[in-house]
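Visitor: First to last, the protein sequences are chains E and A.
Using numbering that gives the first Met the number 0, the letters of the first sequence correspond one by one to residues 0 to 416.
Using numbering that gives the first Met the number 0, the letters of the second sequence correspond one by one to residues 0 to 299.
Keep in mind the hints are simulated off the structure, nothing from the lab.
None of these values were measured; they are calculated from a predicted model.
Warning: the hint list may mix true and false statements.
Here are some chain E residues pointing at chain A (derived, C-beta under 8 Å) [unchecked claim]: (1) Thr67; (2) Leu73; (3) Thr75; (4) Ser77; (5) Ala95; (6) Ala236; (7) His237; (8) Arg385; (9) Ser393.
Backbone N, C-alpha and C fix where the C-beta goes; we use that ideal spot for every residue, glycine too.
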Amino acid sequence: MPKPFHTALAGTLLLLGLWSPLAQALTITVASFPDLDRAARAALPRWRALHPDIEVKIVSRQYADHHTAMTAALATGSGLPDVMALDLRFIGKFAAGRGLSDLGAPPFQAQQLRAQFVAYSWPQGTSPRGEFVAMPADIGPGTLLYRQDLMARAGISEAELTGSWEQFIAAGIKLKAATGAYLLADSTDIRDIVLRTGLAPGEGLYFDSQGRVLVDSPRFVRAFELGRAARRAGIDAHATAWTNDWVAGFRRDKIASQMMGAWLAGHLKNWLAPASAGQWRSTQLPNGVFASYGGSFYAIPAKSEHKQAAWDFIRFMCADAETQLQSLRTLDSFPALKAAQQDALFDEPMPYLGGQRARRLWREIASQVQAVPVHRLDALATDVVRAEYELVVSKGKDIPSALADARAMIEHRVRRP
Amino acid sequence: MKTLLRQLGGRAAAPYLFVAPFFLLFAAFGLFPLLFSIVLSLHQWDASAGLGAMQWVGLQNYWYALTDPWFRSSLGHTFWYGLAAGLPQHLLALPLAYYIHRRLKRSRNFVVGSYFLPYITSSVAIALIFSTLLSKDFGFINLILPGAPRDWLGDADYAMPAIAFVVFWRYLGWNLVLYLSALQVIDESLYEAATLDGAGPWQQFRHITLPLLRPMIYFAVTMTIIGSLQLFDEPFILVDSESGVAPAVMTTAMFMYRMAFSYGDFGTASAISWLLFLVIAALSWGNHRLFGQAGGEHGR
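Same shape as in the complex, but just chain E:
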């Protein structure tokens, strides 16, 4: 080897040696997905000021990829981040294994923070075994967002939309006749919300606390009946949420309302339907229902080597009012922390919603929502119920036998040793 090379090598090694104390500053990895990753990025400058000794590296993947990657990481125990962002619907599945730390246990003692959070968000982060595995960052109090201009043209009042389900469907027929627009993106919107109504305490969506399958209970019959009535009335666009048709429906004034988490208002404003600004309004879900849609959580893998730093970061993202408010401003996400909900921002009129002070309404809804326990087979039961419902509305299968089939199918899967 030539001499200059040796000199350069020695120099580099020396430099590395000198820099090593800095290079060893603690770095934690946060695995996240859009849009939640933007909230974390926006919070980083404040984090650095508060914790100069802990570097945060954010690894972001697309929503589905993120949860698949986390499944693989938990399975193999390699490639795990220190902080794992989780969407609500994956908590049941991820909590079934023992891959996530119990944040209720020492050294975390998350229970001390419980009173500071919206009541229903806490059980959502709790596993069926009672371990608190995921800390709520944002929640989705359910609301009915509707196009005030289209309703006015059809002569439909807000009271007609929020009355009984029968009134809601009748309003849809009136709207279709007057404007040609659909009241619903898909009849499944009604089905899914009615499914979430009238649960007995401790009862999950598909399974009771003993793990018994509930899909042929009156709740499901009613949900299927109302969904079918909406489909027969021709008031839904047959557009599944987040598909091209769904987006086009909003942009072309063809879908006039959507029941979803309050966070949808932010999506409508930012990209779904910016052109119809000022025409949307938010109100209560029909039939006096209180429900929630989605939510984002943070968990710590049991194998993380920097649990304390990870816990500091999670508390910073979830239990710090200033960070929570910053997330609200960045994403229009709805804070799970009650202190953040007392900010003056909640009393500000929202121009996209025609100057409505909708966050007050959402805060009220959030305080009324009841938590629904999750089960590890919820995703599977959802698929089975959806498939049977499809047979009911498009192939004319009768509801009792559809629900009996759904029950048999889910039990087949549950009955594993």
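Since the structure of chain E is provided, determine the placement of chain A on it from the hints.
Guide: Then chain A, alone, in the frame of chain E:
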């Protein structure tokens, strides 16, 4: 380097060292996953609990999959796609290749290129274009078709033919290129001799082209069988997995994916993959009986 080589056994070891990278990579990314999936198919395993949570269940996963209504219906869908998309691919690609080979001279490369283009187009682009074309309220197809708008991707009766069409459209060019390349190596003098003997174009196709294409037909049909039975991309990207119609158009490969990544049952998913392998092997063997035996026997 020399000393290292000597330590490892001198020149005699050199060839093994040169081929080692392939075998190492194959062992890590080919052989190990294969063997691991056999082991996995005999265990019940909730992936989120880590490797320590594997429980031996013997052949239970296989039995469980075989008795699952969705597994059986997904197999039915897979065969349906195989026939509806696979058969026309060959029935059209073969005569088309013959026509292009015999008739087109100057425009041949352009025409073949056009047919081949869908094969090399990314799945995402195909999904975007076709979901736009097939949209119920805003799509071009419904615009030009008379009658009430059809829910192409939201109704199983329409979604399955729509998906089969996309698969057919995508792989026609691939088969065309296969057949064309086989046609190009057929000795031209055979056709000249046949013409002298008074054989017409149909007789030449029937008695010269088809028998000589037999090895290629065997190869192309085998590829279609394997491809059809592993069909995943097109139905997965065209029909939203959240929609109720998704299970009604689901292929076995999609069911396997769902079993693992949605329901977290990796053991059963592995068992399904091995059951699928058995089906592919059986069909490939049948295809071999049909087209493969005379492979290469030109003089028969």
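Visitor: Can you list which hints this structure breaks, lowest number first?
Guide: 4
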